[in-house]
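These two chains come separately, so use the hints to put the complex back together.
Just so you know, the protein sequences line up as chains A and B, in that order.
The opening position of the first sequence corresponds to residue 1 in the working numbering, with each subsequent residue numbered one higher.
The opening position of the second sequence corresponds to residue 331 in the working numbering, with each subsequent residue numbered one higher.
Worth flagging that the hints you see were computed from the coordinates, not collected in a lab.
Note that the Cβ used here is the ideal one computed from N, Cα and C, for glycine as well.
You may find that some hints are simply not true.
To be verified - Computed spacing ranges between beta-carbons, pair by pair:
(1) Glu128(A) - Ser356(B): 19 to 29 Å
(2) Arg518(B) - Ser2(A): 23 to 33 Å
(3) Gly235(A) - Ala590(B): 17 to 27 Å
(4) Leu127(A) - Leu523(B): 53 to 63 Å
(5) Ser2(A) - Leu523(B): 48 to 58 Å
(6) Asp126(A) - Phe522(B): 51 to 61 Å
(7) Glu232(A) - Lys587(B): 49 to 59 Å
(8) Asp295(A) - Arg518(B): 51 to 61 Å
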Amino acid sequence: MSTNAVWVWVEQFRGRAAIPSWEALGQARRLADQLGAQAVACVFGHNVESIAQESIAYGADKVFLADDATLAEFRVEPYAALLTRLAQEHQPGIILAAATTRGRDTLGAVSADLETGLMADAIGLDLENGTLVVTRPVYAGKLIAKVICPERRPQMATLRPRAFPRPQADPARTGEIVTVPPALSEDQIASKVVDFLAEEGKVSLADASIIVSGGRGVGGPEGFKPLFELAEVLGAAVGASRAAVDAGWIPYAHQVGQTGRTVSPDLYIACGISGAIQHQAGMRTAKVIVAINKDPEAPIFKLARYGIVGDLFKVVPALTQEFKRRLGKT
Amino acid sequence: MHVVVCTKLTPDTTAKVTVDERGVVSWGDAKLVVNPWDEYAIEEAIRLKEAHGGTATVICMGPEEYKEALKESVARGCDDAVLLWDEHMAGADTLATATVLAGAVQKMGDVDVVLFGKQAIDGDTGQTAAHVARRLGWPQLTYVCKIRQIDPATRTIVVERLLEEGRQVVQARLPAVISVVKDINEPRYPSFLGIRKAAKLAIPVWTTADLGLSSPRVGAAGSGVRWPQVLPLPPRGGQCEFIEGTPEEQARLLVDKLLAEKVI
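If we strip away everything but chain B, and leave its shape as in the complex, we get (with noise of 0.2 Å):
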């Protein structure tokens, strides 16, 4: 079984991330981190390859220095990693990020999976799972809590995707996308021989040509989302009321407050 889990890096969730008055964002020094959802399908692919043999791949758009995002995974446990990435990818939208992905899964012609994370803490979008499924024209299975069953030899898969008002039991036909939650595992921590495996390892780069597409169709050029403004949080209005008393006269005092609100 050939496994892809696409992850790209964000910005550390506790990193302070502001916007200058030209609309550009910066998180200072704070460093990239593998975007927190993917850690589950990076664990996920390495599961399945780990219970059915094969591979697992990771790959990720993005400039060189994203190639740490790969390491980390291979010293996790994937066995493969490829970095996408010419000046051609760069501005990308979530469709033309999904062009350069479902480009790379086709080069390499023989994925029964393809995995990511529920969504991207930076742009926080959750639909790059379902660009990438109809780009390839594969069942698309988004918020997979569980993968119950995949059978390689009958080619199918049954899980459970958290949805609103409960668990959906899905059966499809591999292969397929598969986005995951949190509750779908709990991560490894990169090993010592993984590490060092992943410190040797040569990462190949493959540009929008290695994928066959055409420049016009990826990053800002295939893009149909522009971000003309980017601006700071308004603050929350006011500061903290503290309600003092013993617990009882608290409650009383906050119910008056919350009635007077309006919000219940």
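In isolation and in its complexed conformation, chain A is listed as follows (with noise of 0.2 Å):
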């Protein structure tokens, strides 16, 4: 029998928790205190303690935290052996990640350990007679389902990044830290990570609130020159549509749509893109979306809140221009 217990699977990186994981303990907060349950938060890493310290703040009552070498870099198999013995023990009623690489990785598997169905990329979370009710988009942001997890326990649901509101921390909160070991010895685990080749000095596309994006119209490599001075200003990160990568103008890492990632900025400036359904996949959430284009029919302006027709080599330069004058950066 299952508890009425919320779950957030905490994800961190070099000892940093992600941002989209505090939006999941929020929703987390929020369906606990309808529920009349409590919140709780897996850590797992190594020194990680702040992280489950941190977790309280931002609304855990509880957190499990593990806390070994054997789970310092991200491997799915120890991480989902501990969360699935976790959850197998304490029968909580909901599970939820974010739907990041590491959350659809350890939830995917999870999943299956406990025979229970995965609701990912929701956008909504609501309780309808004590079952979550998920929305989420589908057909590439095309329609929107709702879906349930009727008769299995635990539900479990990954989480869009920027979907939900990041919840404000409370510092002076309380709640119980409770640690608990790994649930596999390095010699039981079937991976080793080697390296990481970090983007070392650039925002990530997955969790930028400004997002700068080129397409064909951008022409070339240098191009994009423009576009990362825009960003710069800006603190935004750099994407493109397919077509710039495919050109070979742009590493994969920047794709944005359907074969790229899909993201959901407060603002997405697109430069010198058309819109095609494909690119619109990955963007449509965006919360305003810009469009400069030479082309006024082209189907990006269908999408966008502010259009400007014209040559974005003109007018992205005078856009950093004036963004450099008025958030004070000359």
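This is the structure we're talking about:
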């Protein structure tokens, strides 16, 4: 028999919690309050006790903390084995995580272990008669589905980053930290992390609140330069359409759209992007979309709140100068 | 080396997908295509086979018309194809789908690598590969953008995985389940010989019983997730406001508006 407790797997990279995990914890707190139950954070890593404390500040009543060298780098086997074991012991009603690469990996494995459904990429969470109702985009964002896991427990879902508000941390909150041992020893783990090639000094697309993105209209690799300059002033990440990536103008890690990343920034500035349906699939949930394009008929303008018909090589530098002036960066 | 690639058919991206008042999703007469992400998995399966010898087998769970996806994979260079289907398998979520796919891999017995595309463009969950890895008890290497090294003799594989912060380099034991992203390769087109071979290929259909599974474990009965409601997308608010003037004037007006929106 499952409890009503709402759990969150709090993801971390090199000792820093992923922001989307706090968004998930905010939802866990809200659901737990509605259910009159506990919000529980699961923090796995090495030297990550501060993240356990932070989890309490962000709304957890209780934290399961596993601090061990085998958990230092993310690997799905030890992480999933531990989350599965804890869930079997304590029978939560709901388990949430961010719909990041690690979140989908870990919950994907755990849901198979626990023989329960996994609802991916939630943009809305509600309770109806105690059952979790997940709202999520399907068919490349063309439709919205409400999905449930009515019979099996726990109910599991991953939450699209930036679809839910980041809660306010309250350092005065108190909660219980329960230390747990890892589920696997090193010799039971079939994979080893041998290296990590970090994209140093760049804002990652996944958690960027502003994205400046370029498409075919950018014209070549050097055409991205004004976009990087605008991004620098705004603290934004740089995205790209498939056309620009396939032309070899910018690495694949920047691609937004159907065969790239799905993003939900507050502001998406599309420069020289026509807005093919494949591109829209990756960015249509942005709060405000600005389109800069020479072609007034480009489909991107149907999605945009603000449009500028013109030469991006004139408009983008003008925007950079204007933002510098207004944001006091000159 | 025996490589298995799992694929599915999805409505073409450009299809106009609609939903009626009963919640039935349709895409008119738009054709179904091989899931775009799977093209990279199919290509990688063929490359592994070419580099190391052995067989590339493509599998797919779905009704008879899904044989088209299998034929296309064979036309590109896969050797064998198996369709997994009977009426019990209908209405599956990712978990029940994984049960069938893992069952097929186990039935083959000699598989070294199972390949998936990162996700399918209809359900967009990206979690089936993880379920299958778990069902098989094999290492799960997702979001792979490069296979650096694969050694069937020492049973090891080294891959680069594309995560949010960069690329994680992981070494794992074989057999393993891998999902790939677009960066890994450039898919080839079907060859003339391949198309001829695919046209003549008799594709076996494995049923729930063939896989040694019971009907409550597959299809809707074996699923956790239900879709009680599918809705059209709420329209985006309002029309595009075009900003006129010289580039400097446009920049000033746009910055005014964006600062007022509080998105910066």
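Going down the list of hints, with the structure as the test:
1. Between Glu128(A) and Ser356(B) the beta carbons are some 27 Å apart, a value that agrees with the proposed interval 19 to 29 Å.
2. Range check, Arg518(B) to Ser2(A): Cβ separation about 49 Å, and the 23 to 33 Å hint is violated.
3. Judged by the Cβ atoms, the range 17 to 27 Å given for Gly235(A) and Ala590(B) holds: they are separated by roughly 19 Å.
4. Checked against the hint of 53 to 63 Å, the pair Leu127(A) and Leu523(B) passes, with Cβ atoms roughly 57 Å apart.
5. For the hinted restraint 48 to 58 Å between Ser2(A) and Leu523(B), the CB-CB distance of approximately 56 Å keeps it satisfied.
6. The given range of 51 to 61 Å is respected by Asp126(A) and Phe522(B), whose C-beta atoms sit roughly 54 Å from each other.
7. Here the CB-CB span from Glu232(A) to Lys587(B) is close to 21 Å, at odds with the stated 49 to 59 Å.
8. In this structure the supplied range 51 to 61 Å is violated for Asp295(A) paired with Arg518(B), their Cβ-Cβ distance being about 33 Å.
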